[in-house]
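Participant: Residue strings, one per chain:
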Amino acid sequence: MSGAEHPGRARRGSSGSGRPAQNGPAYPWSHLLGRGTGERPSGPPRFADAARSALGDSAVRSSRSAAAAEQRGRRERGRGAEPAWEGLRRRATAVRERALADLERHLTDFEKAAEAAGTRVHWARDAAEARRVVARLAAAGGEREAVRSSSATAHELDLDAALRRAGVDVHESAVADLIAGLTGQGPDAESRTVRRHDRASARSALARRLPGAPADLAARPEALAEAARDYLRESLLEARTAITGANALVAETGSVVAMETEGNVRLGAAVPRRLITVAGIDKVVPAWADIAVLSRVWARSSLGAVQAPVLSTWSGPVEGDGPQEVHVVLVDAGRTAALGDPVGRQALRCIRCTACLDVCPVFERTGAAPYGSVHAGPIGAALTPQLRGTRSAREASLPFASTLCGACADVCPVGVDIPEVLLELRARVVDERRANPVPTPEALAAQSGEWVMAAERRFARAQRAASRWGRLLARGGRIRRLPGLLGRWTEARDLPAPPAESFRAWWARRSRVLAVRGGGREADGRARRGGPTALGGTGGSGAGEGRRDG
Amino acid sequence: MAEKRDPARAGVLARVRRAVAAAPPGAGREPGLGGSADAASARGRDTVSLFTERLAEHGIGVQHASGAEDLPRVIASALWGYGVRRAVVPRDLSSLWLSELDGVWAMRDDPPQAPLSVRAIESAGAAVTRCALAVADTGTLVLDGGIGQGRRILSLLPACHLCVVEADQIVPSMAAALPELDPARPTTWLTGTTMTTAIEGARVDGVHGPRRIDVIVVG
Chain A
7 MSGAEHPGRA RRGSSGSGRP AQNGPAYPWS HLLGRGTGER PSGPPRFADA
57 ARSALGDSAV RSSRSAAAAE QRGRRERGRG AEPAWEGLRR RATAVRERAL
107 ADLERHLTDF EKAAEAAGTR VHWARDAAEA RRVVARLAAA GGEREAVRSS
157 SATAHELDLD AALRRAGVDV HESAVADLIA GLTGQGPDAE SRTVRRHDRA
207 SARSALARRL PGAPADLAAR PEALAEAARD YLRESLLEAR TAITGANALV
257 AETGSVVAME TEGNVRLGAA VPRRLITVAG IDKVVPAWAD IAVLSRVWAR
307 SSLGAVQAPV LSTWSGPVEG DGPQEVHVVL VDAGRTAALG DPVGRQALRC
357 IRCTACLDVC PVFERTGAAP YGSVHAGPIG AALTPQLRGT RSAREASLPF
407 ASTLCGACAD VCPVGVDIPE VLLELRARVV DERRANPVPT PEALAAQSGE
457 WVMAAERRFA RAQRAASRWG RLLARGGRIR RLPGLLGRWT EARDLPAPPA
507 ESFRAWWARR SRVLAVRGGG READGRARRG GPTALGGTGG SGAGEGRRDG
Chain B
3 MAEKRDPARA GVLARVRRAV AAAPPGAGRE PGLGGSADAA SARGRDTVSL
53 FTERLAEHGI GVQHASGAED LPRVIASALW GYGVRRAVVP RDLSSLWLSE
103 LDGVWAMRDD PPQAPLSVRA IESAGAAVTR CALAVADTGT LVLDGGIGQG
153 RRILSLLPAC HLCVVEADQI VPSMAAALPE LDPARPTTWL TGTTMTTAIE
203 GARVDGVHGP RRIDVIVVG
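Sequence order for the protein chains is A and B. In terms of the numbering used here, the first sequence is numbered consecutively and its last residue is 556. In terms of the numbering used here, the second sequence is numbered consecutively and its last residue is 221.
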């Protein structure tokens, strides 16, 4: 609708230079406002800019929305099958909240119990330190290879690159990740969150790039999954080092808990000699008994199933069974920053079920890539700016990548009120920008608004001007485009034309009329009003007047 | 221990302490506790029939053996049904259970003294094990490497896994199962077979781990 108007708008852009690709019109002063293309500091693009190309690809959009609908259905059925979902949800929320409330004790308890079981526990303050620790552990003893199961934390920390620099080749052990790697998609690619490869591209990637794949590989999901599985199983059986994430760490027992559908974590935790688990400090839960409620809500919210096909726990090496060298790396990397925020900390309850992604109208249209992090969707928008800070344009734009419709909060199995966190982060971003030497357009607009509204005369004059100009711009009672920078606001919406006369103007005129008539203004005046003012539809009863004046 | 003087450890814990002090736990809304959902759903039902019903929902075959004397025959017929010639079994699985095998070679895995090679386990068609516990409410088999279960890869690599569950091992819910288990042992909770939806969202069963799991309920 309003999209059809863009070319015309670009022609009339005030700079006359047309509309540069993807970034909106370039105004002469746009560098001052941090908008447009020219003088923007280099760095990752803002969410809205990054999302433009994703929004343009209608084929990807329709396949994504089909996938989201399917996932939504599965999860909804799962929750529906749960006899007391709300109670379960409250208990899961309580488990996560208890874990965070006394995090220091739970972390030291976990360390103590895990080390007593023979696990070596390592700590990392930030991503760089985590990369160093994991690379050192994986490369120890001259190892050149490792298998890694899907782990949001591993991607968040960008472990693979560090491992490669340390001379350790990393092999993915999940089917979706293998295919993503073969088709050259990066770690932020769609498939990691939506887990969807179409059979044609999966076939060509596997047949051409997978060592040992048959040339006449059939393009059926069963045949493709089997080819991938055979390759993955070989690499898992040959591996001497496995790297995994964790769904939970149990403080009471020092156990790592991992849930999965494919069995690659189970295999990775049972065959290689060395096992390295990388987990955020937020993953800790107080008690062994807490696994029951946590695994249940995770499975319902993630898969729709009553339990994940495989849930594995381990707390250390076992003689004659599986890895003999077991490590856990506990990573902060911004989590304590979130923990210190009374509103933002609830995002740390997240158990990475991804239920909020598939109900999000923004994520469904943009996909994962514009979020610029492995944590995508509503929870990514709430978590990433807290983990990384809001200094860069991309992180600062994430809290605004939401319609605040609240669907995410409704499905969250651990009660994270994502819109509340996003609003808090928006306020934080705005506050931070206040100190800037050059104010943002929003700040300018808000300050001008404040000045105008502070005095009655200024407000009345502004209203008259707005009404005049607004009616000039309107066609058929709607304003399709506002001029200049304001045009960004009407890119996605129309404005109704302002009425010919404002309430204030009408009131002033009415008072004048009554004053001129003078005399019996009580009874007569009320009876005669109504028609010309177009306000008192029912002829202006006393009660109606009272409401209007109040 | 040197680990305790690790500056990273001290740094992380100090930050955690500061953060919790800055936003004390009471600041967030403390959610109330709900009733015990999983216990409620299992209450008042015969756990064995609930368990077999849930297994069937997961596509797991269930056979019943009326008692210990009936079991060897049921195990043998299940293995014949798979059409396998070799099956791997843990060191301490009762020989009586395997007494009726005819034409199926049971290979015992006895680590660390006499372990089977990974390849030998993989090429066997089936594994026969016990379990530590079973959960009725979710249709879950729990393995913990205890008696008759062997090490983790034993029941993971062969294409078929035949698991013997004694009726009194079945507990109503996961919440009831956890206190019965030793967290120091590695535990594996199997609910149906593994699967992937990586390609076009189509469900393909049996990625890693057995493609087929069958359960024999004894008693």
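Calculated directly from the structure, the hints in this document are not laboratory data. Beta carbons: idealized from backbone N, C-alpha and C, even for Gly. Be aware that a few hints might be false.
[Said to hold, decoys possible] Part of the chain A face toward chain B, derived, beta carbon under 7 Å:
| id | residue |
| --- | --- |
| 1 | Ala-208 |
| 2 | Ser-210 |
| 3 | Ala-213 |
| 4 | Ala-298 |
| 5 | Leu-309 |
| 6 | Ser-318 |
| 7 | Trp-320 |
| 8 | Ser-321 |
| 9 | Gln-330 |
| 10 | Gly-346 |
| 11 | Gly-493 |
| 12 | Arg-494 |
| 13 | Arg-499 |
Participant: So, for every hint listed, does it hold in this structure?
Facilitator: Each hint tested on the structure:
no. : hint    : verdict
1   : Ala-208 : holds, 5 Å
2   : Ser-210 : violated, 12 Å
3   : Ala-213 : violated, 13 Å
4   : Ala-298 : holds, 4 Å
5   : Leu-309 : violated, 9 Å
6   : Ser-318 : holds, 5 Å
7   : Trp-320 : holds, 4 Å
8   : Ser-321 : holds, 6 Å
9   : Gln-330 : violated, 10 Å
10  : Gly-346 : holds, 4 Å
11  : Gly-493 : violated, 40 Å
12  : Arg-494 : violated, 36 Å
13  : Arg-499 : violated, 34 Å
Taken one by one, the earlier hints fail for this structure at numbers 2, 3, 5, 9, 11, 12, 13, listed in ascending order.
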